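Please work from the sequences and hints to get the whole structure.
Chains A and B, in that order, give the protein sequences. If you count the first sequence from 1, position 105 lands on 105 in the working numbering, and the numbers rise without skipping. If you count the second sequence from 1, position 285 lands on 285 in the working numbering, and the numbers rise without skipping.
These are computed hints drawn from the structure, not numbers from a lab. Hints are supplied without guarantee of correctness; some may be wrong.
As the list claims (entries may be wrong) - Simulated crosslink set (DSS-like; lysine-lysine; CA at most 25 Å straight-line): (1) K329/A - K213/B; (2) K371/A - K122/B; (3) K250/A - K428/A; (4) K339/A - K189/B; (5) K189/B - K415/A; (6) K329/A - K387/A; (7) K213/B - K324/A; (8) K396/A - K186/B; (9) K324/A - K122/B; (10) K387/A - K325/B; (11) K428/A - K235/A.
Stated by the list, open to error - Chain B stretches covered by chain A per the calculated footprint, using a threshold of three residues with CB under 8 Å from any CB of chain A: (12) 180 to 189; (13) 206 to 214.
Unchecked claim - Computed, partial: chain A to chain B, Cβ under 10 Å: (14) R158; (15) K339; (16) E340.
Model, not experiment: these values are computed from the prediction. We treat Cβ as the ideally placed atom computed from N, Cα and C, and that holds for glycine.
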Amino acid sequence: MEQYLEFQNIGKTFPGVQALKDVSFRMDGGKIVALMGENGAGKSTLLKILSGEINDYEGKVLINGVEHHFSTPKDAINASISVIYQERQLVSQMNVMENIFMEDLPGGKFGMVNMNQLKKRTQELIDLFGINIRPTDTVGTLSVAYQQMVEIMKSYRRDSHIIAFDEPTAPLTDTEIDILFRLIKQLRDEGKIVIYVSHRMNEIFRITDEVVIMKDGRFVDKVATAETTEAELIKKMVGRDIGDTYAGLKRNEHLGDVFLELKNVTTDYVSDISLTLRKGEVLGLAGLAGAGRTETARAIFGADPIISGKMIYNGQEFRPKSPKDAIDKGIALCPEDRKEQGLILNMSICKNVSAPVLNKVSTMGAFVSRKEESAVAEKAVETYAIKTPTIDKITKELSGGNQQKVILGRWMSDKVDTKLLILDEPTKGIDVGAKAEVYRMICEFARQGIGVILISSELTEVINLCDNIIVLHNGHITGELRREEATEENVLTLAMKD
Amino acid sequence: MDNSRGSLWKRIVNNQVSLLVAIFIVLLVVFQIWNRNFLSGSNIITMMNSAGLYGIIAVGMAILIISGQVDLSAGYVGCLAGVLVSMFMEWYKMPWPVALVLAIAVGALCGLASAALVIYLKFPNFIATLAVANVCNGLVYVITNAASVPISNKFFMKIGGSTLGPFSSVFIITVALFVIYGFMLKFTKFGRQIYMCGGNPSAARLAGINSVKITFFAFINCGALSALAGILLASRMGVGSPMSVVGADLTAITAVVLGGIAFTGGTGTMLGAFVGVCILTAFSNALIVIGLDADFQIMATGILLIIALIIDYYRSRGRERRMKKEAKEIALRKTINKEQK
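What follows is the structure, given as structure tokens:
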């Protein structure tokens with residue numbers, strides 16, 4: 001029987017963000033269909049709807065012409081859908097066969113598990129896929145690739161007709177990828193619908209039959225892989241309306257001397273990072289999620305130790321041992337996850353702003369002076385237009401944009417002598433108006449001669465705000481673009497380069 | 001604070017400490033009517049001594065919980081210190097100040113050990129302090145052969161066993177500690193950093209705060225204060241007993257949580273903790289005075305804690321509702337503004 005899966009006018013809104021809008025397309029069995037798009041294009045949201053994790057959406061999901069609405073992941077599994085995420089859904093302390101038959105263990109006498117049958121059926125599966133593992137191996141001791149195979153066997157055992165892979169090759173080595181691709185092709189040849197989400201161009205061309213391109217939550221196009229090129233795909237993934245958010249920005253045109261230099265810096269997460277930063281320069285770190293942008297910033301800030309390589313700061317070699325070290329030298333970091341790493345949510349604006357400058361607002365170095373502390377906070381509220389009735393408002397109760405401004409205010413108050421400001425996804429999850437204000441501030445900082453490192457997944461931001469862009473992939477630098485060379489196509493091509 | 005508006009009633013309900021004080025007063029009045037002897041001089045001294053004993057541990061525990069940790073060894077550390085101070089004086093003939101300082105140092109060392117296990121070996125704090133508790137407990141029995149060590153030094157016995165006006169000495173020391181530590185928490189830079197460390201450790205670290213230093217301090221401080229509690233009890237009883245303060249740690253945790261210090265860290269005040277100690281003491285003492293069996297005390301502690309947490313749950317739910325309502329109003333106002341434009 002010919003299988004097919006169809007999305008009709010799917011829409012989904014998260015608070016403040018339209019994640020999916022009017023998405024309609026069809027996928028047929030016996031084909032591997034790639035789902036492509038930038039970060040935030042809506043691929044994950046679509047998969048979550050398919051797997052029943054998101055159940056309040058607009059539009060229809062049809063399987064073989066019949067509408068299905070999954071309220072829970074279990075509903076989706078029962079409708080023979082499997083989504084295999086990067087984070088594996090396995091119990092690592094249990095063995096292979098228990099994991100594969102987790103919710104459907106073959107029964108024996110007195111409600112006990114029939115171990116012999118369990119072993120036999122697992123062995124059959126393993127033989128079918130030709131993988132070199134034993135049913136009794138503990139999953140936690142297997143390599144990442146084999147754990148993924150176990151996941152695939154689990155969905156195969158459930159007789160899933162629709163199997164989606166979310167960036168499956170990210171943790172795999174080349175040989176492991178070969179094994180995975182063999183399995184995926186086997187699934188295809190059995191007539192199953194295979195959805196393959198990946199950022200890696202060479203894989204798309206190696207394994208998929210069709211490519212669905214998404215952009216800003218919308219469906220763009222579906223093309224046959226054989227009839228397209230890398231350049232065409234990238235073009236379809238970018239090129240949205242930039243709007244006039246960036247039009248009135250006063251960029252800093254006078255770059256100063258180089259004051260930060262990384263030479264072949266390597267940490268546990270990134271390798272061989274070299275870059276320079278001038279006073280008044282906005283340097284962009286671009287790349288896909290997990291490319292090593294945040295990790296580069298953390299190394300500069302002393303949050304992850306530098307294993308080898310040199311960091312030269314203000315003409316001297318400097319290797320920060322802790323964030324405190326870096327802060328003392330005028331380096332500031334606004335982390336990506338405001339709520340988890342930026343703010344102390346149950347504390348007031350005032351206390352959050354004064355956190356790194358407690359020394360300077362305390363008398364005799366020990367007693368916090370309410371007067372001086374409030375002065376700093378009041379100034380931050382005024383300068384950055386933080387919307388709040390009082391500086392004593394708890395930061396948990398502020399909107400995302402205002403929370404971001406509190407963190408900016410923390411590092412840019414006149415009590416801290418910030419020379420290098422690192423912004424990690426500063427506009428993530430905040431509304432358009434607040435975004436424009438953050439852009440204005442970034443340009444203002446640069447005009448004051450502060451070196452800014454901007455990490456952002458929104459390509460338009462990087463392109464319109466940065467003087468130089470460094471593109472990373474898999475923990476190393478794949479290229480550097482000057483302001484005049486920076487286009488979305490160029491950045492994305494480098495970001496996907498292996 | 002956002003509770004500056006509204007009626008007196010709302011203000012009391014919304015401020016945890018004033019709510020607790022109100023509960024405390026109601027408790028006192030009710031039980032006094034029930035039994036006239038409840039607020040008699042001798043019973044008040046009894047209550048003060050009992051409050052003082054685990055109140056001192058509660059001071060250390062409050063700081064520790066605010067910083068995001070917990071110590072289950074405090075009671076056993078107290079027992080160890082009580083026995084050691086007696087042994088140092090009686091068996092090794094040390095002068096009492098030396099014995100006292102040494103015993104407190106041992107308590108601090110226990111805290112240091114817990115902190116090292118938690119920070120460097122990444123033990124969960126429950127497990128680390130449970131292990132230290134067992135070591136201390138076993139050590140006490142090994143060195144004493146499970147027998148109490150009587151104290152003969154009359155002056156030392158006065159430290160914990162005298163009264164000043166209507167107050168017992170232990171209670172005065174406890175109140176003094178609450179005031180000193182309360183001041184430190186509220187007004188000093190260090191106090192602020194303790195709150196940050198407990199409120200969001202990774203954010204605190206990225207804001208340049210040395211959380212390792214703070215965690216070490218909180219554990220060592222808790223160990224030292226637990227030792228002090230054990231020593232003062234030995235002084236009052238005139239004997240170092242291996243079982244003297246067993247269980248005081250859990251009572252202290254109950255009291256401070258009752259007093260509004262969140263177990264998750266980062267919130268609460270010393271004043272709240274103090275009122276928590278008072279309520280817990282008065283309540284369990286009152287049960288005995290009105291003629292219930294002593295075992296009811298333990299049960300009552302648990303029930304009181306559940307009630308306190310239920311009240312807290314409803315209060316925070318109310319606050320969340322208010323926040324949601326505010327957010328809705330703001331959104332509404334925004335759309336109206338847009339339409340007007």
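Hint check:
1. K329/A - K213/B: Given that 25 Å is the threshold and the Cα spacing comes to 21 Å, the pair holds.
2. K371/A - K122/B: Answer violated: K371/A to K122/B is near 39 Å, above 25 Å.
3. K250/A - K428/A: Holds, at about 22 Å.
4. K339/A - K189/B: It holds: about 23 Å lies between the C-alpha atoms, which stays within 25 Å.
5. K189/B - K415/A: holds (16 Å)
6. K329/A - K387/A: violated (31 Å)
7. K213/B - K324/A: holds (13 Å)
8. K396/A - K186/B: Given that 25 Å is the threshold and the Cα spacing comes to 21 Å, the pair holds.
9. K324/A - K122/B: holds (22 Å)
10. K387/A - K325/B: holds (17 Å)
11. K428/A - K235/A: Holds: K428/A and K235/A sit about 24 Å apart, inside 25 Å.
12. 180 to 189: holds (count 3)
13. 206 to 214: With 5 residues close enough to chain A, the hint holds.
14. R158: violated (36 Å)
15. K339: holds (9 Å)
16. E340: With Cβ-Cβ at 6 Å, under 10 Å, it holds.
Consistency with the previously given hints fails for numbers 2, 6 and 14, ordered from lowest to highest.
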